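Chains as they are written, first to last, in the working numbering: chain Z, 1 to 331; chain U, 1 to 331; chain F, 1 to 331; chain L, 1 to 331.
Incorrect hints may have been included.
As the list claims (entries may be wrong) - Listed below are the simulated DSSO-like cross-link pairs for lysine-lysine, each with C-alpha atoms no more than 27 Å apart in a straight line:
1. F/Lys321 - Z/Lys132
2. L/Lys141 - Z/Lys161
3. U/Lys250 - F/Lys132
4. U/Lys324 - F/Lys321
5. Z/Lys321 - L/Lys324
As the list claims (entries may be wrong) - Chain F residues, not near chain L, derived (Cβ > 12 Å throughout):
6. Ala103
7. Lys106
8. Ser149
9. Ser163
10. Ala231
11. Pro270
12. Asp287
No lab work stands behind these hints, which were simulated from the structure alone. Note that the structure is predicted; figures quoted are calculated from it, not measured. Glycine included, every Cβ here is placed at the ideal spot set by N, Cα and C.
4 protein chains.
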Amino acid sequence: MLKVSLLGAGRIGWVHAKAISSYAGSELVAVSDHFPENAEKLAAEFNCAARTTDDIIADPAIDAVLIATSTDTHSDLMEKATQAGKAVLCEKPVDLSLERARACQKVVAKTGKPVMIGFNRRFDPSFNALKKALDAGEIGKAELLSITSFDPAPPPVSYVKVSGGLFRDMMIHDFDMSQFILGVTPVNITAVGSSIVDPEIGAAGDVDTAVVTMTYADGRIAVIKNSRRAAYGYDQRIEVLASDGMLQAKNLLENLVVKSTSSGVTEAKPTLFFLERYMSAYTAEWDSFVTAVTKGTKMPVTLEEGVNALAMAEAATLSAKEGKPVRIEDV
Amino acid sequence: MLKVSLLGAGRIGWVHAKAISSYAGSELVAVSDHFPENAEKLAAEFNCAARTTDDIIADPAIDAVLIATSTDTHSDLMEKATQAGKAVLCEKPVDLSLERARACQKVVAKTGKPVMIGFNRRFDPSFNALKKALDAGEIGKAELLSITSFDPAPPPVSYVKVSGGLFRDMMIHDFDMSQFILGVTPVNITAVGSSIVDPEIGAAGDVDTAVVTMTYADGRIAVIKNSRRAAYGYDQRIEVLASDGMLQAKNLLENLVVKSTSSGVTEAKPTLFFLERYMSAYTAEWDSFVTAVTKGTKMPVTLEEGVNALAMAEAATLSAKEGKPVRIEDV
Amino acid sequence: MLKVSLLGAGRIGWVHAKAISSYAGSELVAVSDHFPENAEKLAAEFNCAARTTDDIIADPAIDAVLIATSTDTHSDLMEKATQAGKAVLCEKPVDLSLERARACQKVVAKTGKPVMIGFNRRFDPSFNALKKALDAGEIGKAELLSITSFDPAPPPVSYVKVSGGLFRDMMIHDFDMSQFILGVTPVNITAVGSSIVDPEIGAAGDVDTAVVTMTYADGRIAVIKNSRRAAYGYDQRIEVLASDGMLQAKNLLENLVVKSTSSGVTEAKPTLFFLERYMSAYTAEWDSFVTAVTKGTKMPVTLEEGVNALAMAEAATLSAKEGKPVRIEDV
Amino acid sequence: MLKVSLLGAGRIGWVHAKAISSYAGSELVAVSDHFPENAEKLAAEFNCAARTTDDIIADPAIDAVLIATSTDTHSDLMEKATQAGKAVLCEKPVDLSLERARACQKVVAKTGKPVMIGFNRRFDPSFNALKKALDAGEIGKAELLSITSFDPAPPPVSYVKVSGGLFRDMMIHDFDMSQFILGVTPVNITAVGSSIVDPEIGAAGDVDTAVVTMTYADGRIAVIKNSRRAAYGYDQRIEVLASDGMLQAKNLLENLVVKSTSSGVTEAKPTLFFLERYMSAYTAEWDSFVTAVTKGTKMPVTLEEGVNALAMAEAATLSAKEGKPVRIEDV
């Protein structure tokens, strides 16, 4: 039974608390938060202790920590927790600063402790099935990858300002998905973006609609499309063209009902947002973390991959700003 | 070049005139109609002669006639035309009277001339592909056939009164489809019906919504659903469950556009009615008739099959009226 | 917190144990089984007591029992449990004997205790959404209901022999669904069946493929298709034609991946069987039961409805045997 | 009755000959070809005269010419034909040289004669329906356009060498589609490409897989994906994200049959290639040309738009070669 503490009792912390506590092989023993009352509320619900972060990290009885705090604390906490001998599952992104993330990577490497980055979408049953079919050679060799990832509605501008920007905050998931599907990182990245959904987002120095094109050493190409708004719900699709065919992962719809009237043939909308779409992915993510920690096998998503995704986000941010392609090795 | 005359210049006559005249191996030379002005109008459009039916049948230069007159004249005209040595393509149904149809069948048989009944749906590309996949054993041995056939809107009650009733007028197509798909006729037929769409249809002694169940000597079962109204368009689907899987033929939609909004994910409606849905079937039907006549091969839809379909309709009509199953051999 | 005991620790008992124990408002306190070792195994897994059925029923501290024993014990247990003052959720079918079920219904009525029958499919999110859309008038007034319900593979013949036959064992779900969707029971039932999937099933006196047609007082018609085999998985579809359109509930597929190759465009199969398809329905069923017991509101599926479904099954069994329609009021 | 001559009796010439000759308002009176025997063959089939191009252009009795010759002759022939007073429908692309195309545009403008460029896809019923729904405001204001356009198999390398390259030869259709859908031309174009399908294509200086990103003055973004190979058939899709939703045009499949087996649920492949997919578009294109010529209304696709599409192709070719974005005003 893995004894786990949760750092951060915000929205995503609650999602993880539920996964940890309902999993047979793990026990949620403690939680901390910047605001102690948040930790206490979650502790009451999940029947665990509310403690300070330092206290948790210092406690040798705790095997693993799940870091769900604000992004600017991720690197510090990963370093401290691994130095204290704990296994870590850290929410994405690794950091907003690529430099800091790389420094963290080195510190963690010295501890030899396992760290996994929480790219939950890898554990979505359909994206997983797509990946397996591709790796099994069912459509031959991949040539062109397309990822469509639209949020239902833009976040508040106040959030946008501290988010690190669309490429680091939102497209980071898709950068990781690209390396998950294709197995490598790109050579060149070209990004374009605009704030056509909400000019306020543009005024805050960010974009809300963006397309990134990535090229690979062997000639493969990937394209990622992001929008902060899709009136019909959370749009999460992947498409891979390969030498012998194509694989697509479609959206999960709210239900399976089809209505035919004089207005047309109507299916349900895609599920509203990430909790509805990816709940089973969070469960599977936690299962894969505990299994890897317990068996001592390779982390399903490594810190290195987390840093790579951040490097892609950095390159895309730079490309969009300067209006020219950026080589990944230059960031 | 097959020289063809058309008997009947109504709506369906025009459909056939177009198929005949645009087909490379046939020439529309004449047309007749109960109302000579109808024949003249069609003749002007298709650049052929307007003549009387007797005149056409007596003309040795005419190789084939297409009978698209009112149903009560079909048997007489098939007899006369074959006795005059012509090949015949006759619109469905063979007759409203099963007795008369059987008598006609005998007369025609004596002439040795080829007669095809115009069950156009057999030539629909999708129904045809389904039949080929079934015959090729792609899903094993058929066990349960389902046919859904809904018209967009009920006909006028005045038409209903002279139509012979839903089973002879509308479901006749589905009875033929059942023998096309399964290759045999059923042993028992049970029909239920009601006039829930339009009570006036019930007052006229007919039904507008009906379900027919048919059982076969080897244990197979078929079910046909008909409705005179589908608010979303012409609904024409076939589904066969077999030992190794299932084949379905879906509806043809008006176009391929999908609209996603906060109201759902909407495709186009099915095409409006039979002209839109089955235009390519009429062309293929004519091609198969001319080819069979020219090569002297078996008619793609025989008069015997036309009589069989009528027998099923007769049995269904009787079953619905008496509220009990009817053996096909008893009609 | 509702204190619940489970009677029956077979496969479906485990499904319910999981639902009961993971639900916030209920606690699984005890379990019994005809074979005590089964009860002990489940008790160990779910951290509750293994006791005898009599002991459980006699315990005033237990608020509710979930009956998941063999069908022939349902009536006895419902009577005893309600007489002991407990709320009951009893698995379908109520009984194999319609007479016994009706007697049970009277006994239970006298106790005034709430009994719900476990027709889990009513709680499927898609069937539920279909029902809500129909009741909201989104497609007008229902005219023709079609239910397709195919199991992936036939059960062992040994099971078939004690099952009560396809209509009571398998189609009972669809009979209930028909009254759930349409809100009433039919007037006439006509059933045909054959043992085309497995002749051994026929030798055992049962059918494996069946079509039932039901007519209602106001002219509506329903048709149910059952097969014990669908090579492609569990096929569970509903379709309602109404005055202004049609509603359909499609199959749940194993995942959302589409593969396009030179062989065609392939989606995943429907989920394998009822556990995969209806797991969320079992959870929702339990929630609705606890809520109704706690609030003292009407049971979501009444014992009367369970008896009605059995009466339909009885009529269908009789109709298939005698080859003629059966009036529901005659069984 | 518009008297029409066809210049060019190759594959696409035959497609147009069929459209011209089966259209009620036009008559195919003559055909020419670089190889006179080709013209004679087509003339025999369509019952018209085989003549020389000069002869046709000099003939005042000819109202319009359809130019379906090799691309390098388009500009010359458009100039000569319009100077001779004829209306012109010219196949795409206008020219391989943007400079020559612009010069031609000026010459033609002076004649005042109507010239239409044969971007047939605009007349596809589904793309047309998508455009109409967008213009009607059904999904609000467009923000992000995606065009997927994959050929089933690469052309011979010999063809690639004289084609002008993928951007001018193949993506030219998609460049036109982007201006058709969005109504304007982009400001910036970024292209990446590789020869991952066939290295021989790379050796010939071209690419076979490419992604182009275009940005517009008002912040809209468009992305076009091209591949010379799709093992599953001709893949032609359009997707527009807008403020209130999304419109997609799906692929046309070979038929409407769905097969469910233990391997999955399989639909038919997309139609093989452009003749199958766009036959109805060629017919509609011709209708719109004749109608505009006859009524003296604006050409449905102008020469200016043809030149614009070529400018986009030029910019994309340059961008892919130089590895940086290109401003459309700089080509």
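(message) For each hint given before, does the structure comply? Return the numbers of the non-compliant ones in rising order.
(response) Those not satisfied are hints 1, 10 and 11.
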